[in-house]
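*Asks:* Sequence:
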Amino acid sequence: MDLKVIDTSGRDGAPGAEFFAQRAPEAPMGQNGVNGCSAGYPTAGSPGTDIRIRLTYSDDEPGAALVSGEGGHSGQRWKISRNERLLLKANGGNGGAGGRGENGQAGGPGRHGRDATKYSHGEDGGNGGRGGDGGVGSDGANGAPGGNVFVTVHDDDTDLLLPLEYNTKGGEGGASGLHGEPGDGGRGGRGGNGYAWSDGDTARLPPSPPTTAAHGSIQIRVIRGDLSEATYPGPYVLQLLSFAIVDENQDGFNEPGEHLLVHSIRVRNVGHMPSPSSRLIHLLIQGTQWLQPVEAEPLELPPSIQPGQEVLLPGMLRAYIRNEWAPKAPGIPLNAIDSVMLTAYFPERLRRPIPNFCTARSITIKYPLRLDPPTYLDCVAKGDKVRFAWMVHNDSIKGYGLQGTLKRACATRLLDEYRFFDLTYMAEDKPGEAVDDIDEFEANSTVTIDQEFSVNDLVMEFSDGFLTLELLLADPITGIQRSIQTYQMRMQISGVYHLSPDPSYLLVVNSATPNHAIHQIIELVRNRLHTKLDIFNLSLTGSYESPVTKENVLRSYVGKTLLLFANPFLYFSREVMNPWDLLDPWETGLILQGGTSLLFVGLAAAHLASLQSWARHATFPAHHLTSAQSSSAAAVANPKELARTLREASPDDVAVTAAAHRYPVSLGGLNCFGDIESAVDQSAAKAAKDLTRNMPLRRFVAVPDAGALQGKTGGVVICEGVPRMARMKAVPGIFGPSPAGTNAMADADMYFIVSCLPLPVRARMFWNMVGRVEARGVPCSVLYNGAENFLRPLAAGCSPDSTFVDEKIIKAICLSLQFDLTGEIYHFTGTKPRFPDPIPAAEKLSQLPLTSLFFSLWEQSAGPRQLAAADAAQLFAWVLGAVHAQANPLSFWQSMKQAFACCGNRKANLTAKLNERISLAVEQLCGDAAAAVQAEVSRRSSQVKTGIAAKAGGGHPKNFDVFGLSELEAFVGVAPGTLQVHELTALVPTSVGMTAAQLAVHQDQYYVGRQVTGRLEQHAKAQIDAMVNPTDEEEA
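FYI, in the UniProt record's numbering the residues of the sequence shown are 1 to 1036.
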């Protein structure tokens, strides 16, 4: 509201004057300081003058009051409209503030004494001057009294007092001044016994406190109809003391659609005069966002409520609780907070509310019924019948349903808007809708409802289906059912897992895996690579148990490729989990030893540490290292025999079986005074180092034999872990959506999936395609020659001769081979053995299983090729050139070390054998173009060496990886530094020795994790059994 003011307040007094002379801060030498000046005296405030007015109703403007001046304001008039207030201000003036005294001047320094001479003695320095006294501060002046306000009004017009406000406060005394600070005493003169004078003085008594004046008065003169008068010291002030709130149907809930009732209203006059005797005052509930008052049913205050009198109003007020005007987010019940306030107003002439009548009281607006989140599955398979359930609560004290106390209908409704599902109990006249009426819903009770459905046969696999669950409740007034709470249920439509004969890829997904990413992988593997893909959905089974074999599903894919989507997902309404949380790390480690490739795709950076922790456990499976099983380990005499035995055995001999070896340890010789536990721990650590030197690409774990520590004898058990060059990798990032109308994936994603094909398959493809790459790619009959089991059955009318694998995939295969072969060479030659090298020169190439296998397969490729030009073998030279670069010296210093091959330089021993294999392969496959191809191999080798040298340093090793990653980024068309690959096998790069305590921790962490996972899987299995293809008791 606008504010008008009649102001007769007195003026404020002037502050005390302050004097500050223009003088030096210190008196001249030997003189006393000057005293500071005292402050002047302030003036008192002037009193407020009286205000005299008369109130009448304005005839020319409805709702306006006319104010006429009297006395000193005679002839002045003010009109106060409905949206205006009038402040009558007659404050007394405030007293002026006291002044601050001036600081005294510092005394002058003393005269310096005269120095002694041959003919006279020295003189003392003079005394310093006294500091000046500080000036006296003045007292604050007194405030002036406030003026008086005189209001004259007729008894019929006392409602016109409502827009008036009053302020007749007396003036406040001025603040006291401060005394000046005394001057410092002067410094004594330099020389003899100079004397420093004293400081000046400060005024002793503090300034007097200020005085506040008396307030003015308010006098309201009321002229009655019989011309008698009454004078009051203030206006009437009506205030609400208390009231009670109840909902209309008295079920304990303020529900949209019903009325809120206010009764037992108590009002008191806390003012100084009676309330109007001839003017009505009405009460209503104030309107809010939720409350709409019933204006036709106000309550009326009794007339002439005396000062201090309290009245209880009969009857009640009503306000309609508005219905929701906007839909809520799914799953959120209504729980709104609003305020109830009562407003008192003059309904006749003024039509304006009485200010400060009521304080707000908070209420909660919610429905008496609520719906719990439904128990449902995030993933359902085509062909399954599924049962979902939900619970409805009646939190009120009244019964609902048509047969309940309130006779109000309530129900739940399941909606299938897109018709993805076949609802078992849907209404015939409303397809895609199933309604469950609750005929009688008792107070403070719960009802459980379920519905069954199956996935429509026409729905595409790996798409999203949606069901909407609604809680319906009849409107309290109209009786029309309305939706008061909803839940949106998103379900992934999954295919059923099938174990293909001789499969190539297993893709493990979950309910949160993007469907477009699954379709992209299906398109790549089945329609571009033309190989076999099985899909296993964790959200369908709750574990890695295969429904076909009843064991870990990964065991059916030993030696094949495993693709695991690494996205977190909600695990059967319990908690968010990562896919590896359910995966047995030790069993996975055994599977990886069999040549299986494992790639985690779609990894978020926040979950990398968790995956790396899991991978460390998978590196060294320890099932067989318990005391009960160590007795079955193969016995060897000593660590040297152990190293020789393991080096002669192929890694394939121990794959997936976790064969163990044991050798004895005893106290004797220099260790005769030690304890057997320490001796065994030291022997295990030494054995791990020896195994790293003898077989750098194979990793072993050496631990004490827990069951053989007796007296002075013990033993060490050795078991092989996951090889260093096993493919266990993780790729960050999420698959982007495909262009409209396609399932095409980004080239980077394509590369990582193709690169995880087992090396024997990629190597065979490589040798088969040399010189046979056409514009459309390579025919499947050529590419899969010798690996026909990897080729999936083709569609009718298609043959392997007419079906091609495109050139992008061929290049991805070639690039991935460069990473694998050069990486194996680097990790083998990078190990620094003792002299002499424990690995004989003749065995060195056999220590490189990937490289050895790669060159052994060219003889089995699809026959010799007579190439017309080197261009036909460009990819061939591209790969062999990278291998040649990594196998040969990369710098002058490495060339110098080649001369010491006889001293055990591993790279020197290896270079000649690999160069021989490369030359032989070029000669036998390239025919007349061999010389040109060999030149191309040399050119590529120089290019790679230059690239490796340029990228080396700054923490980067001298290997192909960093340079190759830049080539990969250029190949897939992304910015440099964009791609990241996490080599999970590099986390523990060498063999390790564990003490008994370390082994116990390693095993305990595994077993505790498996126990937790087992409990989660039991819960998931119980939920699946109850909800998928359920069997009722009657059917059973």
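Treat each hint with caution, since some may be false.
What the hints assert, rightly or not - With beta-carbon atoms standing in for the labels, derived distance ranges:
1) Val5 / His282: 15 to 23 Å
2) Asn356 / Ala606: 48 to 56 Å
3) Lys385 / Ile332: 29 to 37 Å
4) Arg322 / Gln1011: 34 to 42 Å
5) Asn356 / Arg574: 35 to 43 Å
6) Gln1011 / Asn915: 52 to 60 Å
7) Ala609 / Asn915: 19 to 27 Å
8) Leu87 / Glu348: 21 to 29 Å
9) Asn915 / Thr742: 22 to 30 Å
10) Arg574 / Ala296: 26 to 34 Å
Said to hold, decoys possible - The calculated DSS-like cross-link candidates involving lysine-lysine, where the alpha carbons are at most 25 Å apart (straight line), are:
11) Lys430 / Lys398
12) Lys958 / Lys844
13) Lys89 / Lys79
14) Lys689 / Lys844
Note that these hints are calculated values from the structure, not bench results.
Backbone N, C-alpha and C define an ideal beta-carbon position, used for all residues, glycine too.
*Asks:* Hint by hint, which ones does the structure fall short of?
*Replies:* 1, 4, 5, 7, 9, 10 and 11
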